[in-house]
Structures are given as C-alpha cells and as structure tokens.
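Q: Counting with this note's numbering, you get residues 8 to 304 for the letters of the sequence shown.
Think of the hints as simulated: they come from the structure by calculation, not from any bench. Bear in mind the structure is a predicted one, so any value in this text is a computation, not a measurement. Incorrect hints may appear among the rest.
Under the rule of at most 20 Å between Cα atoms (straight-line distance), these lysine to aspartate or glutamate pairs were calculated in the DMTMM-like manner [said to hold, decoys possible]:
no.	residue 1	residue 2
1	K206	E260
2	K162	E140
3	K255	D215
4	K255	D68
5	K232	E65
6	K162	D110
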Amino acid sequence: IAVVNNTSVPGKNLCHTVCKVMTDLGIDIKKCIGSSTDGASNMRGRAYKYKAPSPPTELIDCSYYTNDFENRKFLHVGIDPVQQFIVSIQIITSSRHVNISVDFLKRIYSLMGHILSYILTTSVKYKRFIFLESELISLSSIVYRGDIMVVVESKTQEGCRIILNLNDLMTLQNLEWTIFEIITTKMTVIRPMILQQVKQLTEYFKTDFNLDKSVTLEEVVVKVKGIHNELISKHVPKNKLSFINQIKLLAIEQLAKIDENDGPKNFFSPPFSQSFMPQTSKQPNKTVILNNNYKKK
Numbered sequence: 008i009a010v011v012n013n014t015s016v017p018g019k020n021l022c023h024t025v026c027k028v029m030t031d032l033g034i035d036i037k038k039c040i041g042s043s044t045d046g047a048s049n050m051r052g053r054a055y056k057y058k059a060p061s062p063p064t065e066l067i068d069c070s071y072y073t074n075d076f077e078n079r080k081f082l083h084v085g086i087d088p089v090q091q092f093i094v095s096i097q098i099i100t101s102s103r104h105v106n107i108s109v110d111f112l113k114r115i116y117s118l119m120g121h122i123l124s125y126i127l128t129t130s131v132k133y134k135r136f137i138f139l140e141s142e143l144i145s146l147s148s149i150v151y152r153g154d155i156m157v158v159v160e161s162k163t164q165e166g167c168r169i170i171l172n173l174n175d176l177m178t179l180q181n182l183e184w185t186i187f188e189i190i191t192t193k194m195t196v197i198r199p200m201i202l203q204q205v206k207q208l209t210e211y212f213k214t215d216f217n218l219d220k221s222v223t224l225e226e227v228v229v230k231v232k233g234i235h236n237e238l239i240s241k242h243v244p245k246n247k248l249s250f251i252n253q254i255k256l257l258a259i260e261q262l263a264k265i266d267e268n269d270g271p272k273n274f275f276s277p278p279f280s281q282s283f284m285p286q287t288s289k290q291p292n293k294t295v296i297l298n299n300n301y302k303k304k
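Can you build the whole structure from these sequences, using the hints too?
A: Structure, rendered in structure tokens:
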C-alpha cells in the first residue's frame, strides 16, 4: 500500500497499478482475496469462490411485490409445497434469495422502528449487531459499501442471504398492511382449499392407479406427470377456485411420496396450523418518521 500511495496514477489505473506492484513483489493476488460476511472482499489469504445457492421453491398461488426494481429485489408470498403447504415469504434478487416464516416477518415488523433508528443514528463502523435470531434464520446489521444495512441470512442453507438498505426497509414498511392482508387470506381461505384439493388428487390416484410398491419415486413422478389434466378434471370434484394444475406442476413429488397404504392422511395430521395467525381485527402498527426519529403510532 505504501508503494501505491507513493505512486502518482490516475484513479482509473489504480487497480492495474496495485496488481503490477503485487506481481513485482512476487505476491500471488489470487491467494489474497477472500470474502467477508457482507460479501465484500478482504485480505484473508484464501481464494474467494462464489457459490450460488440452490434456487428457491416455486410457491403455489404466489403473490409478488416489488421492493427495488432497479436492483431486482422482490417479495414473494405463497403456499410452499415443500414445507407441508404452509404460507411462506421469499425475498429474491437476481442472484440470491432467502426464505422466512410468517412469524419471523411479524417479528421484523415489530422491531422496524428500532432497526431504522439504528441505521440512521449509528456511526459507520463494522460492528455486527443481531436484531433477531432463530434456529433457522438471523437478522443483523452490517457495513456494506460504506453504509449500515441489515442482512437476512439463513442458517441452514448456504449462500441464502439478502442485504437490505434503508430504502428497502422503508419500502417493506410501506407494504406491511398489504402483505399481512394477503397472508391472512392465504392462511384462512386459500391454504385449506389447496389442502382439500391435494386430498382429492391423492384419493383419485389411489383409486384409479395401481402402482407396484417396488416402483421408485422418479417412476411415480413420471406416471403422475403423464396424467392428462382433462382426465383429472373428470374425476376430481370441481372447486370454485381450482389449484389442481399448480399442485400437479409444483407439488408433484409431494403427491408421489404419499404412501398407498396410508393415503393422504399424513398430509393432514392435526393440528394443521402455522405458529402465527395474523390479527385481522386491526391494522398492524405503522412506523412513521418524525424529525429523523422513528416512533410507533
């Protein structure tokens, strides 16, 4: 660094100058680039290798909200077929995503005033502060690109994390009532209908298709995929809102995994409810800004 500081170069050539100086000194730059918790590079003596996370689960009856179009940040709310058809929330960017529960989202909103105040009043220095933490996910502060931000990070899925800046949080705050309104609808109306239609589909498959117990999951999936939708509609009772095609497309493995002897009852072991049921009688608390100090109404 001292060598570079004593060298007069235009800003656009600084990177090339650093590389040249390190090469002249016999330093392998590939062994000097690492990664920190906020995604920025640092000198840790190990090569940084980006590992893309596995793609997010496709949600049934998914609702989409735009958080930041320019940076491709979106919020998805829908029924997760992989997690026993619970209502799930996904924050997605072009390269990363994170999955959070309804309960964790409610906890984020309950601390939104504190989080916004922390971002606005804390000096810019790297000192991680954990706002929320569970066995599956955490919400903490970071310094990224010279600003204090928050990161939502999965503890169980490598590479699944999303960084949110002040504008992202304010947009999320403005969507609070809309998000919980749609969550309530999906939990109390849509989800029971989907579960009922899953049950109807499994009963139809049990009754009309005799599958040998020795067949593999992949063979069952191929068999179910090959059933024409018109044939299914003739055997499955009509519903006011039909999710049959979405279930067949997005929950095909869940349908195939149901044991023939047990039937669909394993999907519906009571109590089949989520840990958080939103209060529909009143609007969630809003956070407002007054003279740069965040307070609860």
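Q: Decide, hint by hint, whether the structure agrees.
A: Taking the hints in turn, this is what the structure says about them:
This hinted pair checks out: K206 and E260 have alpha carbons roughly 14 Å apart, not beyond 20 Å. At most 20 Å may separate the alpha-carbon atoms for a hinted pair to count; K162 and E140 meet this at roughly 10 Å. With a C-alpha separation of about 16 Å, the suggested pair K255 and D215 falls inside the 20 Å cut-off, and the hint holds. Taking the CA atoms of K255 and D68, the gap is near 13 Å; set against the 20 Å cutoff, the hint holds.
Straight-line distance between C-alpha atoms of K232 and E65 comes to about 17 Å, which keeps the hinted pair within the 20 Å bound. Taken as a hint, the K162 and D110 pair is honoured in the structure, with Cα atoms around 17 Å apart against an allowance of 20 Å.
The structure shown violates none of the earlier numbered hints.
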